[in-house]
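On the provided structure of chain A, position chains B and C as indicated by the hints.
Residue numbers (the working numbering), protein chains in the order written: chain A, 1 to 676; chain B, 1001 to 1219; chain C, 2001 to 2107.
Heads up, some of the hints might be wrong.
[Stated by the list, open to error] Below, in silico cross-link-like pairs of lysine to aspartate or glutamate (DMTMM-like), each with a Cα-Cα straight-line distance of 20 Å or less: (1) Lys2073(C) x Asp2020(C); (2) Lys1067(B) x Asp1111(B); (3) Lys1142(B) x Asp1082(B); (4) Lys1114(B) x Glu1189(B); (5) Lys1114(B) x Asp2020(C); (6) Lys1067(B) x Glu1079(B); (7) Lys1188(B) x Asp2020(C); (8) Lys1219(B) x Asp2044(C); (9) Lys1219(B) x Glu1079(B); (10) Lys33(A) x Asp543(A); (11) Lys296(A) x Glu561(A); (12) Lys1067(B) x Glu255(A); (13) Lys516(A) x Asp579(A); (14) Lys1067(B) x Asp259(A); (15) Lys296(A) x Asp579(A).
Calculated from the structure, these hints are not laboratory results.
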Amino acid sequence: MALTTPDSGPLALPPGERTVENPLGLFARPRTKTGWRSWVSTVDHKKIGIMYGAAAMFFFLIGGIEALIIRLQLAAPDGKLVSADLYNQLFTMHGTTMVFLVVMPIGAAFMNYLIPLQVGARDVAFPRLNAFGFWSFLCGGIVLNSAWLLGGGADGGWFNYAPNNGVTYSPTHGIDFWNMGLLITGIASLTGAINLIVTCLNMRAPGMTLMKMPVFTWMGLVTQFLLLFAIPVLTAAQFLLMFDRLFNANFFRVESGADPLLWENLFWIFGHPEVYIMILPAFGVVSEVIPVFSRKPIFGYQFMVFSGIAIGFMGWGVWAHHMFVSGIGPISVAAFSVSTMFIAVPTGVKILNWLATMWGGKLRLTTAMLFAIGLVGMFTIGGLSGVTHAVAPSDTQQTDTYYIVAHFHYVLFGGAFLGFLGGMYFWWPKAFGYMLHEGFGKLHFWLILIGFNLTFGPMHILGLQGMPRRTYTYKDGYGFNFWNMVSTIGAFTIAASMLIFAFNILYSWRKAKAAKLSVPADPWDGRSLEWMVASPTPAHNFDEIPVVRTLDDFWHRKYGENEAGKLVRIAATEDVIQDGSNTDVHLPSPSYWPLVLAAGLPFIAWGLIFNLWLCVLGGAMVIAALYGWVMEPSVDDEAPHDHGDDHDGGDHGDDEAAAEIEDAEPSGEAEEALVD
Amino acid sequence: MTEIGLTPAEAQAAALEQASGARIAATEADGHITSTGLTNEKLGMWVFLGSECLLFGGLISTYLLYKHNNQAGGPLPHELYDIPFTSISSFVLLMSSLTMVLAVGAAARGDGPKLRTWLLTTALLGSVFISGQVYEFQSFVKEGMGFTTNSASSAFYTLTGFHGVHVTVGIIMLISVAVLSWRGRIPKERAESVEIVGLYWHFVDVVWIIIFTVVYLIK
Amino acid sequence: MSDTLTTDVTDEHTDHHPSDRHYVNIAIALALITGLEVGTYYLDLPSVALLIVLFVLMGIKFFLVASQFMHLKFDSAILSRIFYGGLFLAVIVYTVALSTFRLFNLF
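Chain A on its own, in the form it takes in the complex:
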């Protein structure tokens, strides 16, 4: 029986697609543009970005449920909902999931979707590698969470300190799942970093110098460099841990005279840049949203760029502020205390610039704008508590209390997550072709803002009153009862607000479908290049690659200034946008190999934990996929093609007129400020 593609059932091709005549029909190179196959084999950065976002929201659900159980346990003293052991698993998995499987991939979603559009490219530098990145992230997340089904979650805290992370003190497999899962997601992050760095440096539209890139793209570039250099450090630490746990090595075994601080150092050398990896994309989002809804350009573009670069640099010099009470000695403590105080400066610059952008602007308080302002406010609060941590003597009191929990939730939830929610409302029409309902959006915003502050605000107080972190319950009579209850109520308020968000999506989608509504290319009167193309974005992005003459080039095609310096319209939006009609563009072809390669990795992971024969299976998948990938041309010449050959780029009309013009970079200090 030949393995041909069947005509009906889930494996059938969508109607209208050419049947594939091939004895290995099921394994032929995919060509469909619709249906589940087109998602599974896609190499399109936009689809990949959407998948990152969807997967992240799914993991948010898991991490959120873990959080709600924690809050139920802590709502009252002597909680009996969960055991101490299960509680350890819950907070570990909650933290690990939220950091690695929610905030980072949402950032990746935005960066993957927007960076090629914002620099005027058709896709990223390595489209199949991009797909591989997504699938391996998903596989890593699955491996991590498979712990719940296979013996219990990791229970050593998201930072997983030695020697507790060793077999002596953590004999169950939970930590092995943590290790393997995050090794796999680390591969995803690293390949994504290589991809986006090359994209930003190499694939900008003609005329787009580095200092004409939008702030979001700049923050994305800095983030990718941070990932590039930080992930390998975590990878090294994780291999050492794996060798200890699986092969009896002696990296962290106290019995062998090993030093547990080795883990702490390696982890936090990664861990501190990691928090900037999480926040910088959200800073980028907000730097796009605020100018649009203030009808003003970002205040101090160069300062925004350079402060982002500065944060990237300085983030490497502060990691041991997570180790103030680990016994590193007074000189190290003092040095890292000072460096940590300094890092508040570039962040402060950003806050001031956002405020200055809004000052005197014509504000439109859309949902996206509310969320952006929310980030500015909440991150400032979190940043202020952060400054108090920098002062090592006071941190000695604060560390391992709820005061720290308050701090990082203010910067990560109030900062990154609120910023990303704003970004979703902002770019939703561009990605999906319909607007989210503003009324429900505002309800979502206010409810989540209130819920968030109810949840984490009291934790400042609880922490300073002495309530320790990572403890499954507390006794009556310490004065912790009231604020813990408030916090739990807040947590469920957050949950309710996210249900409203989910409802908003469903409602808006249905409404748009029923009324056959479509949304214009530029519903918000935007500034950057992604608003120049139709909504939803056409597969080929730009009909014609634009020639960029200035920062906010799209805005300046619509608006100029009259003699009095006032803003005047110089062209109608319809005349400036591209309608997506040029389907003559040859795009990189879809491929299954990235998925196959990624899918081999969990088998290696499970094999290392349970049975080495699984490693053989996984390894075979990996090797087969590698060769299949390398042998497969990036563009499928046999794929059906609409009109003739366009390799010389009929879409490059402007290119000859204005090729590469790069400014001289004012200073050479930044590793990321790379201009020839």
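Frame of chain A, contents of chains B and C only:
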């Protein structure tokens, strides 16, 4: 209307001036000129090598921390080193970088037979290096220093093992490219793919330059 | 992966592409330096001097391979910045980390 930036004529003049400079114009398959003049693949490989510095740095640091630590018993690595033997291995790997560079030169000239000769010689030298490592490890084990013996030994084997795996992957790549060349898939126009494999190979050599000094020679 | 290059690249390459002879000379230099390094193992230098000598020799070999064999000296500055940037970051960060272990007996 406020004009910001260059007129098309100015832009064209600037572009011509630039093209006549030393910039390499690398063109991607779909006709795009890249912003830096480098191909995506070459830039991508260098970006990757930058990250590898952090990976090996972590493993080297771990070794430096533990090199005198045999609290769990057994010998320390530096008590067992056979410096003359390792010097020869190091020399072999260094020479493989030379043959690699000769391979890149042959590829650039479109000289298929020479390319394959030098590629396979590089792979052979790399294999000699790996054999030397294997022999060295076996003799250490015989002398009582295994992977799990103590912290120093774990660190030593992990660092040199990671390096060895990188070399092995490199050998596989070299042989693969040689096979592709034999099948006629590496003409002069595709010489850069050999260069990119070469970059990886040289990096692996450069890491060994560091390991040889820091791990073996410094007492 | 992209697989077409203009002939510009190979022309550029052969223009300032060092000859095979040049590379052989570099290889000889590397071999000699390795010999020197191995030689120090048998000398009884005070440890600080030994460290300095070995690091200098190692550094020379490193930069010879990177700038000549890997062509960094003749290629775009971006590549050098990215690679040496990563290297520099690694050296600084790990030196600081090791110093918190009081590895260098400075305090």
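Original post:
Between Lys1114(B) and Asp2020(C), is the straight-line Cα distance small enough, at 20 Å or below?
Top reply: holds, 13 Å
Subject >> Given hint Glu255(A) paired with Lys1067(B) - CA-CA distance at most 20 Å >> reply: holds, 17 Å
Original post:
Within 20 Å, alpha carbon to alpha carbon, are Lys1219(B) and Glu1079(B)?
Top reply: Measuring from Cα to Cα gives roughly 10 Å; hence the hint holds.
**OP:** Below or equal to 20 Å on CA atoms is what counts here, so check Lys296(A) against Asp579(A).
**Re:** Not satisfied, since the Cα-Cα distance of roughly 26 Å exceeds 20 Å.
Original post:
Straight-line Cα separation of Lys2073(C) and Asp2020(C) no greater than 20 Å?
Top reply: Within the cut-off at roughly 17 Å; holds.
**OP:** Verify the proposed pairing of Lys33(A) with Asp543(A), using a straight-line Cα cut of 20 Å.
**Re:** Measuring from Cα to Cα gives roughly 19 Å; hence the hint holds.
**OP:** Verify the proposed pairing of Lys1067(B) with Asp1111(B), using a straight-line Cα cut of 20 Å.
**Re:** Violated - the C-alpha atoms of Asp1111(B) and Lys1067(B) are around 47 Å apart, more than 20 Å.
**OP:** Take a quick look at whether Lys1142(B) and Asp1082(B) sit within 20 Å of each other, Cα to Cα.
**Re:** holds, 14 Å
Subject >> Holds or violated: Lys296(A) to Glu561(A), with C-alpha atoms at most 20 Å apart >> reply: holds, 13 Å
Original post:
Under the criterion that the straight-line Cα-Cα distance not exceed 20 Å, is the pair Lys1114(B), Glu1189(B) satisfied?
Top reply: Status holds; Cα separation ~16 Å.
Original post:
Would the pair Lys1188(B) and Asp2020(C) pass a check requiring their Cα atoms to be no farther apart than 20 Å?
Top reply: holds, 17 Å
Subject >> 20 Å limit on alpha-carbon distance, applied to hinted pair Lys1067(B) and Asp259(A) >> reply: Holds, because 13 Å separates the two Cα atoms, which is no more than 20 Å.
Violated hints for the displayed structure, listed by number in ascending order: 2 and 15.
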